[in-house]
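Asks: Here is what each chain is made of, one letter per residue.
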Amino acid sequence: MNFILGSLLLTVLFAPLLAAACLAILRPAKAGTARTIAVWTSAFHVLLTVALFVLYSGHVNQDNSLSLGFQPKVVPGDPGSMSDSDVITYKTNWTLLSLSPDGVSAPTVQFFVGLDGLNLLLIGLTSLMFFFAVLVSWGTITERAAPFYAWLFVLQSCVNGAFASFDIILFYVFFELTLIPSFFLIGQWGTGGARRDAAKKFVLYTLLGSLLTLIGIIGIVLTNPIPVHPTTNKPFYFEPTPRAMTTVENEGNTYVNGKTGPITFSIPILMKNVSMWDSMEYYSVGHAENRLARATPAGRATAESELATAQQNLAQRRSMQFWIFLALMAGFAVKIPIVPFHTWLPSAYGEAPIAVTMIFSAILAKLGTFGIIRIVIPLLPEMCVLYGLPLFGTLGAIGIVYAAFCAYAQRDLKMLAAYSSVSHLGFLVIGLFSLSREGLSGAALHMVNHGLTAGALFALLAFLSRRYRTLDATQYSGMWAKYPRFSFYFLIIALASVGLPGLCNFVSEMLMLAGLFDPRNVVIFGRGLAIVAAVGVFLASWYTFTMIRRVLFGPVVEPPALNDGAAITGDVHAREVIPLMAMSALCIGIGLFPQPLLDVLQTDTRRLAGIVDRARYRLDPQAIPIPEPAPERPVRRGPVENALREEAPFQPGGVPNVVIPPQPKNPLPSNPK
Amino acid sequence: MNPLKDQLTIDALTSLFELVLPEIALVGAACLSLLACVVSSRPFLHYLITILAIVGAGVLAFLEDTTGNAYIRETAFRAPILATPAAAFARWLILGVGFLIVLISRRETGKQLSSEYLSCLLVALAGTSLVTRANDLVMLYLALEMISIPTYVLLYLPSRNQQGQESAIKYFLLSILSSAILLFGLSYLYGLTGTTNLTAISATLVAGQEGGHSPLATLAVVFAIAGIGFRITAVPFHYYAPDVYQGGPTAVIAQLAILPKIAGFFALANLLGIIQRPYSDLPFPVATQIPLMLWVLAAATMTFGNTLALLQDNLKRMLAYSGIAHSGYMLLGLVTATAFTTGQAPRYANGWDAILYYLVAYSLMSLAVFAVLIYLNSEDESTESVDDLAGLHRTHPVSAAVLLIALLSMIGMPLTAGFAGKLGLFIGLYDAPTSNGMGQSYKTLTVFAAINAAIGAVVYLRVLGAIFLRSPLRPESSQTRGNRLPLLAAILCSVGTIVLGFYPQLVWHRGQKASTHPADRMVNTQVPAPR
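As you go down the protein sequences, you meet chains H and D in turn.
Taken in order, the first sequence gives residues 1 to 673; the numbers are from the numbering used here.
Taken in order, the second sequence gives residues 1 to 531; the numbers are from the numbering used here.
Possibly wrong hints are sitting among the right ones.
[Stated by the list, open to error] Okay, the calculated beta carbon distance ranges per label pair:
#	chain 1	residue 1	chain 2	residue 2	range
1	H	95	D	343	40 to 46 Å
2	D	502	H	542	46 to 52 Å
3	D	212	H	308	26 to 32 Å
Note that these hints are calculated values from the structure, not bench results.
Note that the coordinates shown come from a computational prediction; the quantities given were computed from them, not determined experimentally.
Positions of the beta carbon are idealized from the N, C-alpha and C atoms, including for glycine.
All chains, full assembly: derive it from the sequences and hints.
Replies: Take a look at the structure:
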């Protein structure tokens, strides 16, 4: 079963590439042929993705283990699924680059892709939005349609690959590769005169950011090698806890940190390494302090120097992590974009054809936020707690207000939609850095919701653009009278985008606001930013309702009709109704029944929140007690899940999960993982 | 004991020739081609001789690789030629580059020049390969001259205009100056250590470190770096490159952009002890300030190359500056390799392996660009400036695709060879130890390199923008562009670039095996303490 799922995942990842290759080789001369191929292949891709969803949810049980690493469920190349035993190892054997001459313990860059709660929904959203983008582009791409759709499908594969990657270098590879198709899509098929400069500007800004991200990734990988046992040289994953350290000290023993082993590029293993090294450095300081307190006058000098070393190591680690945090965020902040790194956006969104703009705001912007939730939060939890809200939360808040005012000032509806997207993404960034379970769930859900509403908004604008070739808001008025069905969809999407209760954005925005009120956040940032975010909701309704009033109501005014024969007249066509109806239905559906989606997300958001809770505890043990985890519901488990060794929950002050035995009388057992 | 009758030395010297059979074959073929010129000047004959010579050298190299490993013999170090694994790696690269250059040079040799042109090329190839295996100062210098002297001829031969002659004379004079500087430095090394054998020199310098470092040795190596810096176009020894590139014949420039760089990096690595000694025990550790100088050299070379390339309109000038920038990236590898002191060993990438990989990647991508330029240049239509490439994807889709791959590789985009090269360089540099006096400056340099890569991207994107986003400035010419061999070479190079992008392991693994010293492996099995 796992093998089938894995193959299906690979198909979903690379089918668009195949379609692109077909288009590039066949090169249909007529735009219509290329379009037909594109529509059918992308529709087929949606079916594949639905099949993947159904099989995945039917096969994989709810995972209630408290493991603090992501566990991708479907991994092509999983050695377990290749044999008959069907034991999931959450690993792969497909090596791309090995960084050491002696192969055994060599750090390897692997083709490690999989599905988990965080990326499942986004992969589905991607498949859906690219199908809609093909439909939206129907009449607008007349020149060289085949390469246009080919590049669009290449972009789809790159985005899907980035979402599915669990190897940090592989993620970067896909993340960076999205630039090449984007460059061509904006530069060759852009609608404005400045499209060449827009394409170059977009690529260069993003490239500079993502090169810094590469340095950050290298930093993360090199500072978090696999910890190995001091004597046996086997991987060593017994995390020190307060109680365990106390026990060790009461027995008069010394706790010895693990040694640095080989580095790894696998994100799940890196997560475990990060929490190991963070805890080991942190608890060494406390341990050294206690030893100093108990030291005999003779041993005092040694104990003092030990304490100094431990403190220095901790300070060094944290200062290095701070710079790595900034480097990592550089690429993601440009990609999202967070104000003030958004300066590429007006030109790129303005010049790109509207179907591409739709993809950019619905999908590509999510790559940045996804990078934060997949890499920055789990791999730098302490820095996210310390600097996430103060630095990037503040920037996000500034972005909400700034972009809202910009949106209000726009006369071009496309730019209005672009700035409204930036404003909502600011909200999303704040939600991510609230770092609580609710906030993270809300943010992860908001990625999907924002993709739907922003994408739908651009699809609506494509409707107007195809009839009048202009999106100047001053030339439109009273469209309700002329296009009642269009206006109906417009209203639903606009209200969903604003966050009306019962529609999708409300759910995720409320969850993010709830996350910001988490008492463990610094009040000024938690509640202060929550207030700004709430004001942002108000501002969103302000500019959105202004736009609705201007465009939909009032006396009928329309731009001069086109006489070139290519333009379409009349209300929503059959082709146009598919994306609009589907996205409106999803907005209502998610708004009314968000729980299934939140269920998909909950395992991984809980893991993330658990990691952050530990980081919060290490940074300030006294301030706020960590709430005890709710008792788990017993769930039906397959034999596969039972076979996995669970890691014990983290309970500061509770029963220790591990007692560190004295060294070297009783060497630690080696970890089976 | 009479040194004249030392059996070990005699053995070392007599078994020397079997180590350079492929090079002897290349030079022999060059002589044959020159002699055959008297009988017939038909290009076909000379091309046949050249191709056969390169293939034959490949066969000989294969036999040497598979049969004996002379490196392990203890006496081998006494000989002026040392067959290190890195040299074996480089020989394959050099033969491959030679083959591709033969493919692209057909148009420029015309009817009369093939014999002289190709024999010069063969000698230069043999010279490059000899540099990689030289273990003696005299051998090193002679091998370097074996590259320079044919290049003078090559630059001058096809030059019919003033610009080309100016470029030839400029290269000639400055090359001689750099050789003189190099010789001056080497003479100091000889004077200090009393030997010309590089193994012995390194050993003497390392042994002499006990009582502090010798400032004279530092001075000597500074001069040597200045001399070799000319060949790898390191700033500030780069100033000849743009003029020479602009004026010279393109196929010769392709050779000039690659062979001296391979030779230069090997010569530098050999002088700094990187090829032969373990990284933890080099003759010029951080305390001698040589690594600091390399740091500055790398930073300056990258920055000057990239920023000056921004200002160029002429494609060949731009490629000259881009070549300078790529030398800067490769110098990062030398900075990494010299960063270790006693008890430390590189863990994942030692810098030298990244250089070996990057040399392959650089050869592929720059040859692809030069080959396309040659293909597009015809009698009536020159392709000199960025504007000449406008709309190329409409007029020459295949050339445009090749340029796309090559330029993306120069940017360092994933799925091209350039990405894995930069990744290896960055990982090595970031992982360089902080405990030896340079502090966090290696990490600073990594960030610096990343920013530089972004500046470089502006240059290449400008060209890509012209090729793909603009419409052609001149009407599509109906005539075919003559010989299609350059296009074949370009396609081969871009296929190689893509293959290495998907599976860098292919070359990376070999480079790493060739660059790892057994002594360092010993250090690495004892897991090092956190840095």
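Asks: So, for every hint listed, does it hold in this structure?
Replies: Cross-check of the supplied hints:
{"no.": "1", "hint": "H:95 / D:343: 40 to 46 Å", "verdict": "violated (31 Å)"}
{"no.": "2", "hint": "D:502 / H:542: 46 to 52 Å", "verdict": "holds (51 Å)"}
{"no.": "3", "hint": "D:212 / H:308: 26 to 32 Å", "verdict": "holds (31 Å)"}
Checked against the numbered hints given earlier, the structure breaks only hint 1 and satisfies all the rest.
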